[in-house]
Amino acid sequence: MTVGVCYFPEHWPRQRWERDIEQMAEAGLEYVRMAEFSWGRIEPERGQFDFEWLDEAIELIGDHGMEVILCTPTATPPKWLVDERPEILQEDPDGTVREFGSRRHYCFNSPAYREETERIVTRMAERYADNPHVAGWQTDNEYGCHETVRCYCADCSNAFSEWLADRHGDVDALNEAWGTTFWSQQYPDFEAVEPPGPTPAEHHPSRLLAYYRFASDSVVEYNRLQTEILREINDDWLVTHNFMGHFSTLDAYDVAGDLDLVSWDSYPTGFVQDRREAEATVEELRAGDPDQVGLNHDIYRGALEQPFWVMEQQPGDVNWPPHAPQPADGAMRLWAHHAVAHGGDAVLYFRWRRCRQGQEQYHAGLRKQDGSPDRGYADASTAAEELFDLGPVDAPVALLHSYENLWATNIQPHAPEFDYWTHAGTYYRALRRRGVQVDVVPPERDLDGYAAVVAPTLYLLDDALATRLEAYVEDGGQLLIGARSGEKDPYNKLPDALQPGPLAGLVGATVAQHESLPEQVPTRVGYGGDEYEYRTWAEWLDADDATVQGRHRSGPADGQAAVVDAERGRGRVTYCGVWPGRELADALVGDLLERAGVTTHAPLPDGVRIAERDGHVWVTNFTDAPVSVDVPGGAAWIVGHERVGAYDVGVLEGTLGDVTVTRENSEP
Amino acid sequence: MTVGVCYFPEHWPRQRWERDIEQMAEAGLEYVRMAEFSWGRIEPERGQFDFEWLDEAIELIGDHGMEVILCTPTATPPKWLVDERPEILQEDPDGTVREFGSRRHYCFNSPAYREETERIVTRMAERYADNPHVAGWQTDNEYGCHETVRCYCADCSNAFSEWLADRHGDVDALNEAWGTTFWSQQYPDFEAVEPPGPTPAEHHPSRLLAYYRFASDSVVEYNRLQTEILREINDDWLVTHNFMGHFSTLDAYDVAGDLDLVSWDSYPTGFVQDRREAEATVEELRAGDPDQVGLNHDIYRGALEQPFWVMEQQPGDVNWPPHAPQPADGAMRLWAHHAVAHGGDAVLYFRWRRCRQGQEQYHAGLRKQDGSPDRGYADASTAAEELFDLGPVDAPVALLHSYENLWATNIQPHAPEFDYWTHAGTYYRALRRRGVQVDVVPPERDLDGYAAVVAPTLYLLDDALATRLEAYVEDGGQLLIGARSGEKDPYNKLPDALQPGPLAGLVGATVAQHESLPEQVPTRVGYGGDEYEYRTWAEWLDADDATVQGRHRSGPADGQAAVVDAERGRGRVTYCGVWPGRELADALVGDLLERAGVTTHAPLPDGVRIAERDGHVWVTNFTDAPVSVDVPGGAAWIVGHERVGAYDVGVLEGTLGDVTVTRENSEP
Amino acid sequence: MTVGVCYFPEHWPRQRWERDIEQMAEAGLEYVRMAEFSWGRIEPERGQFDFEWLDEAIELIGDHGMEVILCTPTATPPKWLVDERPEILQEDPDGTVREFGSRRHYCFNSPAYREETERIVTRMAERYADNPHVAGWQTDNEYGCHETVRCYCADCSNAFSEWLADRHGDVDALNEAWGTTFWSQQYPDFEAVEPPGPTPAEHHPSRLLAYYRFASDSVVEYNRLQTEILREINDDWLVTHNFMGHFSTLDAYDVAGDLDLVSWDSYPTGFVQDRREAEATVEELRAGDPDQVGLNHDIYRGALEQPFWVMEQQPGDVNWPPHAPQPADGAMRLWAHHAVAHGGDAVLYFRWRRCRQGQEQYHAGLRKQDGSPDRGYADASTAAEELFDLGPVDAPVALLHSYENLWATNIQPHAPEFDYWTHAGTYYRALRRRGVQVDVVPPERDLDGYAAVVAPTLYLLDDALATRLEAYVEDGGQLLIGARSGEKDPYNKLPDALQPGPLAGLVGATVAQHESLPEQVPTRVGYGGDEYEYRTWAEWLDADDATVQGRHRSGPADGQAAVVDAERGRGRVTYCGVWPGRELADALVGDLLERAGVTTHAPLPDGVRIAERDGHVWVTNFTDAPVSVDVPGGAAWIVGHERVGAYDVGVLEGTLGDVTVTRENSEP
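If you read the protein sequences in the order shown, they are chains A, B and C. Here the first sequence stands for residues 1 to 668, where the numbers follow full-length UniProt numbering. Here the second sequence stands for residues 1 to 668, where the numbers follow full-length UniProt numbering. Here the third sequence stands for residues 1 to 668, where the numbers follow full-length UniProt numbering.
Any given hint could be a false lead.
DEER-style ranges, computed between Cβ atoms [claimed, not checked]:
id : chain 1 : residue 1 : chain 2 : residue 2 : range
1  : C       : Glu18     : B       : Gln306    : 54 to 60 Å
2  : A       : Ser372    : C       : Asp463    : 29 to 35 Å
3  : B       : Asp630    : A       : Val282    : 26 to 32 Å
4  : A       : Ser372    : C       : His246    : 37 to 43 Å
5  : A       : Glu191    : B       : Asp614    : 40 to 46 Å
6  : C       : Gly257    : A       : His146    : 53 to 59 Å
7  : C       : Ala471    : A       : Glu26     : 38 to 44 Å
8  : A       : Pro605    : C       : Glu277    : 24 to 30 Å
9  : A       : Pro605    : C       : Glu519    : 24 to 30 Å
10 : C       : Asp542    : A       : Glu26     : 52 to 58 Å
11 : C       : Glu519    : A       : Glu305    : 26 to 32 Å
12 : A       : Gln15     : C       : Asp235    : 21 to 27 Å
13 : C       : Glu18     : B       : Asp189    : 53 to 59 Å
For the record, the hints were derived by calculation from the structure and aren't laboratory data. Using N, Cα and C, we set each Cβ at its ideal position, and we do this for glycine too.
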């Protein structure tokens with residue numbers, strides 16, 4: 001387990017570099033990422049290359065015993081290139097060009113930009129082909145950041161038509177698959193299908209979904225262009241890309257298929273402010289929400305089912321969220337441990353030093369702009385010292401996540417509050433409250449090894465997936481399926497059969513009605529002898545081959561079935577037709593884990609999490625109050641001790657079942 | 001009184017049609033509307049027509065004893081037509097083209113589209129000229145939906161210049177009428193007057209009003225193009241158009257002049273969510289607001305002063321409002337009765353069957369997508385059975401409504417909350433709380449037969465209208481005029497005289513000051529010995545030939561006159577210079593009806609309404625609590641009985657004066 | 001001290017003029033402003049001039065003993081000119097043209113418009129070169145109103161490149177000054193630097209600041225074009241421009257350098273609604289906020305350090321804020337006195353008569369549209385009678401205000417609530433609560449005469465300014481510096497040194513951390529033995545050569561220094577690293593004034609203000625409750641008496657130290 005940092009030697013005078021790099025080494029850092037926005041520095045005008053500065057920086061890093069992750073600099077084509085070939089720029093749906101002056105101002109489908117990409121990546125990779133200090137490459141930087149996955153330019157229009165022709169062969173097949181005999185939306189040929197521009201009313205949901213798939217595939221294809229060049233030049237390099245948190249327009253699983261390693265950029269106190277429904281608490285403003293961060297760790301670990309890296313770890317206050325509170329003392333260390341507990345193998349802080357120029361002057365580094373240590377520096381050093389080598393995480397539970405379901409429910413949320421991530425997060429949080437490790441994987445993944453599987457929503461569904469889930473249950477799997485599953489076919493049309501469509505046989509019930517409800521409507525269900533709140537979404541179930549475990553107790557739905565379950569072969573499947581409130585999610589997940597025989601902790605306090613990895617248990621405390629860790633028979637503490645203070649961490653040898661965590665002074 | 005349905009045979013396999021149509025007949029349906037978005041199916045490429053599918057569907061419907069309303073398919077020009085003649089597309093004010101991919105993507109003023117319209121309407125009408133099962137036609141579909149009345153393309157610019165030249169003759173006359181000697185806005189010629197595009201500051205109110213009038217007139221002209229073709233081909237056809245609820249950009253009275261029948265599309269639980277100021281209550285989310293729906297019934301009945309149709313009646317949950325709660329049990333039947341009580345002669349549910357493809361998959365039908373009955377099916381069947389033939393509604397009161405006043409107050413609301421519909425609705429609701437039938441008619445309508453007239457606002461006013469209102473009162477009419485009346489001349493300029501301008505003689509007072517007030521300001525007036533709240537708008541009146549009936553009791557207005565009245569000949573006129581709160585509106589309307597000798601009920605509970613039509617009384621209960629109906633001497637019940645349950649209806653023989661309705665368990 | 005009015009004879013029939021002008025004279029008015037939007041009337045088509053109407057109006061005004069301020073009519077180029085030379089129109093960042101139909105639809109950098117401007121200004125000025133009744137000129141009208149300072153057209157792009165070339169000489173110097181080696185933003189030449197258009201992510205802060213400076217400079221240059229023509233034709237004319245309240249995109253100090261007189265347009269009850277963070281109270285809706293208005297008076301007085309004019313004074317209800325409450329009785333008189341107390345020499349009401357046409361029909365005048373007196377007429381007459389001649393204001397305190405700091409903090413507020421005006425207003429209000437006159441001046445101004453100086457924020461800072469502030473303190477000055485000072489260099493980059501950069505020596509401390517905090521986070525500091533709230537912004541200070549006067553008492557900052565001070569030579573400097581709440585601002589400012597030996601009043605009640613000018617004291621009461629004025633030894637009252645009623649004013653001979661004002665019935 002290692003710690004590293006992101007460094008921009010091009011921002012500082014050359015005479016400063018040696019001291020910077022010495023200080024990195026003193027802190028115990030092992031990796032330095034560089035060059036992701038350096039095209040304008042490397043090639044100040046067409047064909048005039050200047051690599052000497054980068055050669056020297058790499059050499060110095062190597063001299064200090066560290067390794068370099070280089071980046072292809074394609075996220076920022078320089079001005080001379082934009083002026084020469086303006087067709088590389090992206091366009092908004094209404095044709096407005098996204099101009100030069102920030103970053104990510106290129107179209108993934110631009111033939112001109114692919115040509116330029118090939119040229120610069122080849123040149124750069126060849127330069128460092130034999131450099132012993134370069135461990136690997138990050139392609140580009142945060143694909144899709146600033147809403148750039150979906151572009152609406154003429155190149156995209158052509159590429160979309162071709163992509164559709166490849167998938168459907170014949171335009172009649174497309175018309176049939178989408179169902180265009182609605183509002184006279186039949187297409188005469190593939191060329192007639194354009195990116196979805198401004199229209200008087202909403203778009204056809206099948207067209208939108210196809211465009212979202214196409215746009216994501218365009219990034220996959222663009223990334224593959226880079227990975228193939230890199231691999232061809234030096235097949236030993238580790239090739240990665242740095243994904244983002246709760247990112248919604250790009251299928252990370254698809255991109256990951258072309259990578260050796262998945263990494264992502266983690267900014268806990270930013271995420272609680274700008275990508276979550278609930279307002280951040282004061283504690284969350286100081287250290288983030290462990291489950292929000294954890295869900296992303298588990299997605300990116302799940303992508304290749306192997307350890308991930310945090311390529312950018314928040315180092316202190318940052319510039320882009322609405323507010324920039326100072327993190328709690330120790331938070332920067334806590335985050336490194338939390339990442340490792342979730343299966344991270346390396347944590348690189350972004351950035352080494354606060355930048356004096358440009359858009360990120362309000363983003364802290366491990367060092368201040370004058371070079372003196374900032375608050376994160378000691379945390380990073382401590383983490384580097386404390387972390388040790390570990391095997392991978394072994395998760396007993398899988399949570400099924402699919403970008404296509406995210407896109408399709410976004411296209412027709414049917415309620416302003418129906419947010420895919422928040423709904424899935426309800427189930428994820430219930431699992432994590434029990435201390436259980438969770439692989440977040442796509443529905444197509446082999447589920448054999450999992451004692452239990454939670455599918456918050458399987459919105460788009462075909463027979464093949466239904467058959468695989470049936471087999472999982474028949475073979476003894478414990479499956480919990482959430483609302484809106486089986487609503488649509490893969491082209492975003494309703495199937496002939498009532499919801500859950502191909503899953504109806506497995507579930508033993510169909511959805512008689514669904515409704516979406518605003519906050520002012522009372523929403524209650526009974527389950528297991530208790531009454532619970534739910535929110536936003538309700539289905540009324542007709543159980544024909546299942547046991548009713550919960551019934552509605554409010555509104556016109558009163559008395560209708562809401563939760564059913566059924567034994568199938570050696571397993572059991574539960575279908576929950578509402579978006580459960582927190583307590584109902586706890587009850588459903590608790591019952592699932594119990595019948596699956598998964599070891600759990602009693603429900604943990606908010607902000608306190610435990611996690612097991614390779615014979616060690618992490619207790620991470622994201623709150624302002626200390627917790628006590630009780631280990632009958634005594635604990636072997638690697639980090640910390642039985643009292644884990646505010647924003648502190650403890651690591652001990654053992655397994656989840658050995659440990660009991662309680663908040664001090666809490667009621668018994 | 002009949003019930004029908006909207007059907008899309010083109011969405012389903014031909015082998016299903018016979019069963020669908022049998023089930024319609026079994027439910028007692030009598031009309032089937034079809035083909036309003038079928039252009040792409042009828043003419044898949046230019047000049048290649050396929051009418052056989054429609055022929056067959058019509059034949060089957062006729063075979064089952066039902067009649068067909070066909071629609072011209074012009075709301076959705078197909079893609080091949082758009083690609084051939086892209087100039088038919090609408091444009092936003094900033095020039096953004098509204099592209100293909102939804103519906104209503106054509107400009108009413110496009111010569112190209114008028115040519116295509118003529119071609120397709122003629123072809124289709126000729127096809128069915130002698131078909132005995134086709135009872136009539138709906139032109140297009142929901143003119144103006146998705147903000148499409150106002151277009152800003154080059155064709156519109158030319159047409160606007162011509163429209164202005166026709167009205168003003170000479171550009172100097174336009175400059176004088178609008179008052180362009182303000183901010184140097186003089187126009188050198190008619191060509192120089194363009195649709196109102198993006199400008200640094202707000203537009204000239206006279207130019208805006210002219211553009212809104214022109215845009216509405218363009219739809220009237222376009223619709224007339226269709227009605228003339230239809231009438232020429234078969235003069236026996238019933239020609240209608242389906243208007244929308246609370247629709248604000250098109251003058252429905254003007255369009256109605258070219259129709260035989262006015263119909264509209266009623267979605268009660270959608271309307272309470274997306275076109276009303278107040279947040280919907282839980283009961284309203286389940287059944288709608290009877291006064292919001294009723295105001296529309298009364299507008300469309302008033303348009304031709306004859307019974308209307310509901311061409312689309314909500315059948316269950318729908319896709320377009322923010323939330324999609326399931327309607328209460330029985331609500332779909334309640335709505336049919338409520339429409340009939342307000343003078344509806346037919347109610348067609350939209351749609352027969354939930355659609356599997358395209359934008360409306362989340363819109364229920366009477367049958368589910370698998371063909372099984374949905375919640376509305378039984379309600380529709382029951383309504384079909386219960387309804388019986390009736391003469392027209394005879395309303396003792398008129399409420400004056402004018403689209404030009406709506407546009408002009410929207411242009412200069414002078415307070416964010418000054419909404420024309422909400423203000424007019426305050427008076428309408430007070431009338432309906434007394435069980436009184438109300439014709440909602442334009443101010444130009446002959447008022448002779450009405451015992452009382454309420455004019456919530458007569459914002460734009462000329463001498464001719466003032467003279468007619470004077471005559472109405474002199475002849476014994478009882479008139480109640482609301483705030484902001486007589487503020488402007490018909491070109492949206494202030495008149496020379498102080499407000500209410502030409503009405504000052506009739507009213508006997510002028511407006512000394514007006515003010516608009518945010519919620520935090522106390523707003524009180526005294527009236528008839530009590531003190532009341534008002535909201536948003538206040539006028540301070542100078543009464544020179546009127547009696548002060550109410551005075552301000554707050555703010556700088558304290559002590560100023562707020563409500564005045566005056567006898568004139570055999571009648572009386574009241575002017576209310578504030579936007580009354582609910583209680584003040586009740587008091588003003590109660591006093592008006594009493595002096596007009598109109599039979600009323602005591603103020604009804606919210607959500608409970610009674611209405612008299614042709615010797616029968618309807619009691620419609622839009623609430624969750626039952627009500628009791630007391631008829632001294634006994635009642636002859638046609639539907640239901642003296643206890644009308646939640647979301648239920650009772651119909652008895654008699655008149656308004658015979659009936660007393662009370663909420664059970666309410667305080668005496 | 002005189003009163004005047006704005007008049008539009010072109011809006012009224014000629015036969016009315018004489019009576020209007022007589023009534024002005026009867027009211028005691030002395031100045032009449034005219035013609036600011038008259039281009040279309042003066043030149044109805046190219047080269048056809050009609051000045052006779054204006055000649056006649058001026059003659060009539062002169063005949064009645066009043067003087068005329070004429071305006072150049074350039075704010076509204078007529079339609080024929082726009083049609084002939086459409087390139088004069090402004091463009092939005094996305095290229096949308098701001099079209100004809102309102103006002104201010106021209107680009108300051110358009111060579112075509114500068115040519116037309118020269119032509120019309122010359123022609124008009126020559127016409128009245130020898131007219132004895134024309135006292136002077138207002139250039140254009142409210143430069144920049146409706147967000148028109150910043151334009152994005154091709155002319156602006158060229159002008160921006162030239163402006164940059166003039167400032168930097170060499171593009172490498174620009175790249176160095178801005179720091180473009182960030183996200184590959186290096187520019188190959190000056191032509192490549194365009195106005196900031198739509199980009200995927202935020203713009204480079206140095207580029208934005210340069211564009212804002214350039215845009216402001218463009219207005220300065222455009223205004224100079226006009227003032228030079230006017231001065232050349234008649235050097236005796238008074239040349240002014242009417243600025244706006246809380247106006248943020250134009251550097252008024254720069255424009256003022258080319259004027260003889262600074263005037264501005266004051267709309268107190270509009271400003272509390274549309275340019276302030278806090279919701280308006282009921283009293284403020286009736287009379288405005290004296291400190292909000294006062295800050296503007298003091299900026300425009302400070303601009304040339306001489307008396308200013310109110311060129312447009314709100315006359316009653318106005319059309320443009322969200323709501324239009326009627327001002328309190330007497331408010332129009334109160335505002336005139338308040339302006340004079342702050343150093344105003346003339347107050348012209350806008351407008352004479354409510355306009356019947358165009359965009360401002362809902363804007364009151366001193367007369368109603370029918371010519372009868374409106375509420376403001378008596379107030380204006382009374383004010384004209386009461387006001388008398390006075391010498392200038394002598395302020396003991398300066399508050400430093402800089403448009404560049406405003407722009408730069410707007411570019412990177414780092415918290416949605418960080419508003420420059422609100423932050424500066426916190427300190428300004430604390431000063432005014434003590435009855436102290438304040439010059440609001442740019443940081444470059446000579447500070448020698450001031451006993452105390454408050455700098456709410458000195459965000460952009462260079463060594464020269466730091467040296468001048470050091471000298472001020474060394475020489476005995478008392479200086480209070482607020483948060484975010486010295487964060488940036490003049491190009492909007494971080495300096496090498498930690499904040500406050502070049503001020504660190506004077507202050508004796510550096511900023512260890514800063515953070516921005518949303519409302520839900522507790523924010524407390526101790527100061528002088530008490531605990532206070534702060535808001536939005538916190539700095540943690542390292543004091544190496546200063547005394548810690550206040551420490552944080554909340555969050556991770558707990559215990560860190562928040563307020564420090566230090567003696568330097570004969571003076572003292574305080575640095576406050578938080579945005580103080582009202583009470584902390586009172587404490588800081590009170591301590592500052594005390595040590596500076598400035599005479600103050602005890603903290604005044606909200607809405608009650610006193611001000612001293614030339615041996616007289618004004619007591620202005622913007623509240624609904626009367627106040628008592630106690631003057632030991634008796635007062636010589638010029639206006640009013642010792643009881644100043646609601647929205648009333650008292651003027652007496654004396655100085656601030658003589659007077660004690662208390663709210664009646666307030667607790668002792």
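Against the structure, the hints come out as follows:
Separated by about 59 Å at the C-beta atoms, Glu18 (chain C) and Gln306 (chain B) satisfy the suggested range of 54 to 60 Å. A C-beta distance of roughly 21 Å is found between Ser372 (chain A) and Asp463 (chain C), which places it outside the suggested range of 29 to 35 Å. Restraint check, Asp630 (chain B) to Val282 (chain A): a C-beta distance of roughly 60 Å breaks the suggested window 26 to 32 Å. Taken as a hint, the range 37 to 43 Å holds for the pair Ser372 (chain A) and His246 (chain C), whose Cβ atoms sit roughly 39 Å apart.
Checked against the hint of 40 to 46 Å, the pair Glu191 (chain A) and Asp614 (chain B) fails, with Cβ atoms roughly 60 Å apart. For Gly257 (chain C) and His146 (chain A), the Cβ-Cβ distance of about 41 Å falls outside the hinted range of 53 to 59 Å, so the restraint is violated. Between Ala471 (chain C) and Glu26 (chain A) the Cβ separation comes to about 43 Å, which falls inside the hinted range of 38 to 44 Å. Hint check: Pro605 (chain A) to Glu277 (chain C), Cβ distance near 37 Å, so the stated range 24 to 30 Å is violated.
Checked against the hint of 24 to 30 Å, the pair Pro605 (chain A) and Glu519 (chain C) passes, with Cβ atoms roughly 25 Å apart. Checked against the hint of 52 to 58 Å, the C-beta distance between Asp542 (chain C) and Glu26 (chain A) comes to roughly 23 Å, which is inconsistent with it. Range check, Glu519 (chain C) to Glu305 (chain A): Cβ separation about 43 Å, and the 26 to 32 Å hint is violated. For the pair Gln15 (chain A) and Asp235 (chain C), the supplied restraint of 21 to 27 Å is violated, since their beta-carbon distance comes to about 59 Å.
Checked against the hint of 53 to 59 Å, the C-beta distance between Glu18 (chain C) and Asp189 (chain B) comes to roughly 35 Å, which is inconsistent with it.
Figure legend: structure checked against the earlier numbered hints; hints not met, in rising order: 2, 3, 5, 6, 8, 10, 11, 12, 13.
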